[in-house]
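These protein sequence lines map, in sequence, to chains A and B.
With the working numbering as the guide, the letters of the first sequence map in order to residues 1 to 306.
With the working numbering as the guide, the letters of the second sequence map in order to residues 1 to 236.
It is worth saying that the hints were derived from the structure and are not from the lab.
Among the clues, some could well be false.
As the list claims (entries may be wrong) - One-sided and incomplete, this derived list gives chain A residues near chain B with beta-carbon spacing under 8 Å: (1) Q171; (2) L177; (3) S178; (4) E181; (5) D182; (6) I184; (7) E187; (8) A188; (9) M189; (10) G190; (11) I191; (12) N192; (13) T193; (14) R301; (15) L302; (16) A305.
Note that CB positions come from ideal geometry on N, CA and C, so glycine has one too.
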Amino acid sequence: MKPLTWGIGLLVLAALAIMPFFVTSYIVSFTIQTFMWVALAGSWNLISGFTGYVSFGHVAFFGTGAYTGALLISKAGWPWLPAGLAGSVTAAALALLIGYPCLRLKGPYFAIAMLGLNEVVRALISYFEDFTGGGSGISLPPILSIEPVYYAMGLSAVSVTLLTYVIITSQFGLRLLSIREDEIAAEAMGINTARLKLYAFLLSAVFPGIVGGFYAWYASHIEPLGTFPLLTTITMIIMCLFGGKGTVWGPVLGAVLLSVFQELVWARFLFVHQALFGALIVAVVLLLPKGILGVLQERYRLPRAI
Amino acid sequence: MRDSLILEVKDLTKRFGGVTAISRCSLALEPRRIYGLIGPNGSGKTTLFNLITGLEHRDEGEVRFKGERIDGLKPHQIALRGIGRTFQIIRIFPELTALENLLVVARSTGGAARRRALELLAFVKLDRLKGEYAGNLSYGQQKLLEFTRVLILDPELILLDEPAAGVNRTLLNDLLEAIRGLKEQGKTVVIVEHDMKVVMGLSEKLFVLDYGEKIAEGPPEAIQNDERVVEAYFGR
Ligand SMILES: Nc1ncnc2c1ncn2[C@@H]1O[C@H](COP(=O)(O)OP(=O)(O)O)[C@@H](O)[C@H]1O
Ligand SMILES: [Mg+2]
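Same shape as in the complex, but just chain A (with noise of 0.2 Å):
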């Protein structure tokens, strides 16, 4: 990246650091949701956007994170910001469980996996109800003050989004984008398309996990429903293709723009919310299947770390 660019990222981050102290605490809410968005947009694309597997079950990683934050909070004692970390072993964990042998699987079946994982996990949840709470949820201690979890989301939104960038300036980020080309002349090639594979599949679930554990303790409640539902997995998936899969900026600006548009839509007209959303899936899907950085990328010759 050029000095600019740098320049104008660390004005935008100063900018965002100071943020809470002028602004009101519905723009602040509003922020934390967009930085949790930019989080999970951003790993979705780092297993789909760049292998190609498309993950219809990334929600389950979130909640995982979110169940693993409240338990350690409420029955372990454990202060938010450590436990919220934790979110990403269990995840991470359940990562490599699912991935090891999901990830042999073609195409559609890889999808229709992960969304059978959701389910099971979501169901799992709710059956243990003496440890989970089962339907009814986990309550926490309601929070005192937003700004940490503006910080911590900042920050996992912010982390993700420079991985990707690490990624995809190394050999490592090449070869996980040779797999969405062309996995079999990839692995005639020389590349372990299984290994990397699992690792893109590993890193893409940790930080679902950690902001899954943060939201737990800013929502101050979760249940098996609301924490797993398929609509969180397709957001994450429409803000990254709008942006641009397989970019880093992509899924930032998904994100952004996307949760704006939630916030005025959602605002103003409840009752088509859910219409103009689906109406703006199939739009993406038919008229930018490359998204927005995708198309910029390939008409001005952007270099691939955008």
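Go by the hints and put chain B with the ligands onto chain A.
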């Protein structure tokens, strides 16, 4: 004897449902030679390459590379041991640039790998297109790119599945020169090619497949006059 062979295929058989694509096929390749593999359409040439490189799993028989069994290894393991290949139907990475297509498979990532990649691109006259998405290159250029992508792995044995098809005349001569050059560098090449003039001119020894069986082997002059070969090609 055995150790002096670079590749040894023994009684290899591969069936697809009712079709026996490769039938008790045996070959022995010595290092530093150029071999031709010919046979009518559907005679099993591509399948044989797929079996050697691990993309298909054999039903019977064995494959040895430098004396060691490689049937049963994963394709990437076989590639890293030193067997490179191209595909009859091009398999480049279309949304990677020409240069990235080479860097992505290079064994190291330093300046040396980059220099080597640029050198290879220059060699097939693609250096000026290094930043172009491979999918935007012409058919012939994509074939040449795929050829250089094999070379960056520096394999000892190179399997070329119809490398000349669709490559224009001027580049074709460079390509043939390059293939001869590989032998000078100590490599072994097996080339599948439909253009008899090309394959006869290039190969020191030919193997002929028909319905998955090896029906003849020998120097080009002998093959041209072999009755079974003539019949396989023209007799039906
Ligand atoms: N994946 C496959 N599934 C079923 N049949 C196949 C497959 N690959 C090749 N075959 C069959 O095996 C035979 C040999 O094909 P192939 O190796 O492509 O021949 P060649 O390369 O000599 O033209 C053909 O009859 C072909 O139809
Ligand atoms: Mg063929």
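*asked:* Need the list of violated hint numbers for this structure, in ascending order.
replied: 15 and 16
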